[in-house]
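*Asks:* Read off the chains here:
2 protein chains.
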Amino acid sequence: MLGVIGGMGPAATADFFAKLIEETPATRDEDHIPTLIVSDPRVPGRPAAILENGPSPLPALLAIRDKLIAAGATLLAMPCNTAHYWYEDLARDCPVPFVSIVEASCDAVAEIAAPGSAIGLVATRATLAAGMFGRQLQMRGFAVTLPSEDELAGAILPSIRAVKEGKAEPAGVLLAPAVQALLDRGAVAVILACTETPIALDAIGSPIRARCVDSNRALARACVTRWMGRASDRADQSVALRSA
Amino acid sequence: MLGVIGGMGPAATADFFAKLIEETPATRDEDHIPTLIVSDPRVPGRPAAILENGPSPLPALLAIRDKLIAAGATLLAMPCNTAHYWYEDLARDCPVPFVSIVEASCDAVAEIAAPGSAIGLVATRATLAAGMFGRQLQMRGFAVTLPSEDELAGAILPSIRAVKEGKAEPAGVLLAPAVQALLDRGAVAVILACTETPIALDAIGSPIRARCVDSNRALARACVTRWMGRASDRADQSVALRSA
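From first to last, the protein sequence lines stand for chains A and B. Residue numbering for the first sequence follows this note's numbering, beginning at -1 and increasing consecutively. Residue numbering for the second sequence follows this note's numbering, beginning at -1 and increasing consecutively.
This is chain A alone, in the form it adopts within the complex:
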């Protein structure tokens, strides 16, 4: 089964689950990926840990990871950009493959941007401070275009809050100029490394959306690709369950 470390927040986990189903080439229920989701919002806050030296969520994340593996997960994913600050610690010594949202997003970027080009990044303050998207892009030979403090505080963060309050359309109106500014400064594509931001741009039908990568959808797609490559494993499990 695909094991999902979720709950950070729950809406991002639900968004990932819906996209996983959309991205699976299924014509019948049985074609879908058996999935095990732990959505536990009691994991200590990631922004506080990164920005304010708060308690680390790592022990709780490791406990969820191990619970998923004990319950039969053979592939793992964690639909939370900020929590990937602890990805190395979670993937190290992990007995099953763990798909990274950062690598999945950069793979998706590589499909629409040539090596050497600049990639914009839209994310929360904590994800930007954590730096893993920037590092991964640079490792792959991309330049990174970051939002200014004004764009972050005046447009990106308020638009994220607006989506959380159910105001997707005003959020899109706020966000679109900040994304456009990254493109104007030379970015050829933009990673929306925050679950709320694709919802905002979709709500206003923004044409710049086509130059953006939705990190949660990129993760869903990467999970489907990894799962499809393990068909024999799935067949084994199917037999096991049917005879249970």
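No wet-lab data here; the hints were simulated from the structure. Worth double-checking, as some hints may not be accurate.
[What the hints assert, rightly or not] Below, computed lysine to any residue pairings styled on SDA-like, alpha-carbon distance capped at 20 Å:
#	chain 1	residue 1	chain 2	residue 2
1	B	Lys162	A	Gly132
2	B	Lys65	B	Phe96
3	B	Lys162	A	Asp27
[To be verified] Quick list of the computed label-pair ranges, beta carbon to beta carbon:
#	chain 1	residue 1	chain 2	residue 2	range
4	A	Thr25	B	Ala61	20 to 30 Å
5	A	Asp148	B	Asp29	30 to 40 Å
6	B	Pro95	A	Gly114	54 to 64 Å
7	A	Pro113	B	Pro23	40 to 50 Å
8	B	Gly114	A	Thr25	37 to 47 Å
9	A	Gly52	B	Gly114	55 to 65 Å
10	A	Ile67	B	Gly203	39 to 49 Å
11	B	Asp200	A	Lys162	44 to 54 Å
12	B	Thr223	A	Pro113	47 to 57 Å
[Claimed, not checked] Under 10 Å between C-beta atoms, here's a sample of chain A residues computed to sit facing chain B:
#	residue
13	Thr33
14	Ile35
15	Lys65
16	Ala151
17	Leu155
Please read all numbers here as calculations on a predicted model, not as lab measurements. By construction, the Cβ of each residue, glycine as well, lies at the ideal position given by its N, Cα and C atoms.
With chain A's structure known, arrange chain B on it following the hints.
*Replies:* The following block gives chain B in isolation, referenced to the frame of chain A:
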């Protein structure tokens, strides 16, 4: 944690998860219900078991139930109307409470319809044949208004297929007259006991939607109510996880 027996189909499980989050009175991630979801589409087909004497899904459903309990579930739900044909077998000897989508829907109906009045039912052929919604309504003193074969074969089932194909608006246009026909025959409210049908009516902004109960949303609401009544239990678990 709330344990969810899911995957029948996966989209219905994702719909329930999103509604569970919407229905939770949360202002912060931590206010949400810790949730454990097994979405396993390999469970033998429910319609085939009910209508064509196919293999029973009960052993697989019991295995998922027990896996959820072993992993820490203290409350259970199963966001699939048809699978509630086996609810009695799943709830019997179950060591934790199991919220029924049938009872949750009838509770929601009781809020908008007086005892003794007639309630319409929109569902798949298998859910209608299984009869548990009709029995529960009659036990509570309601009369039941069922769709005719023409309404079922000509409108309800094609509209469900259309939603599954992503055509929500045409589905709504197809479905609305069939729901209206139930109201015209005397139903004062209608249970939409099939995940796709609220999506169809919502897509066309149908005013009759206000007289309908969405069974998946009723289940989500009932789970939130049950969970909120067990705050002390939640506090215990929170301490356990934080100290893990």
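*Asks:* Would you mind marking each hint as holding or not holding in the structure?
*Replies:* Quick rundown of the hints versus the structure:
Restraint check for Lys162(B) and Gly132(A): the C-alpha separation of about 39 Å exceeds 20 Å, so the hint is violated. Of the supplied pair hints, the one linking Lys65(B) and Phe96(B) holds, its CA atoms being roughly 14 Å apart against a limit of 20 Å. Simply put, Lys162(B) and Asp27(A) have alpha-carbon atoms about 11 Å apart, close enough for the 20 Å limit, and the pair holds. Range check, Thr25(A) to Ala61(B): Cβ separation about 26 Å, and the 20 to 30 Å hint holds.
Against the hinted window of 30 to 40 Å, the Cβ-Cβ separation of Asp148(A) and Asp29(B) comes to about 32 Å, which satisfies the hint. Distance hint check for Pro95(B) and Gly114(A): the Cβ-Cβ separation is about 59 Å, which falls inside the suggested range of 54 to 64 Å. Evaluation of the 40 to 50 Å hint for Pro113(A) and Pro23(B) yields a pass: the beta carbon distance comes to about 48 Å. Distance hint for Gly114(B) and Thr25(A): a CB-CB separation of about 45 Å, consistent with the stated range 37 to 47 Å.
Checked against the given bound of 55 to 65 Å, the beta carbons of Gly52(A) and Gly114(B), roughly 57 Å apart, stay inside it. Separated by about 45 Å at the C-beta atoms, Ile67(A) and Gly203(B) satisfy the suggested range of 39 to 49 Å. Look at Asp200(B) against Lys162(A): about 21 Å separates their beta carbons, and that is not inside 44 to 54 Å. In this structure the supplied range 47 to 57 Å holds for Thr223(B) paired with Pro113(A), their Cβ-Cβ distance being about 54 Å.
Look at Thr33(A): its Cβ gets to within about 4 Å of chain B, closer than 10 Å, so that hint holds up. Here the hint on Ile35(A) is kept, as its CB sits about 4 Å from the closest CB of chain B, short of 10 Å. Hint status for Lys65(A) relative to chain B: holds, with the closest Cβ pair at about 6 Å, below 10 Å. With 10 Å as the threshold, the beta carbon of Ala151(A) stays out of range of chain B, its nearest partner Cβ sitting at about 21 Å, so the hint is violated.
At a threshold of 10 Å, the smallest CB-CB gap from Leu155(A) to chain B is about 16 Å, leaving the interface hint violated.
Comparing the model with each earlier hint shows violations of hints 1, 11, 16 and 17; every other hint is respected.
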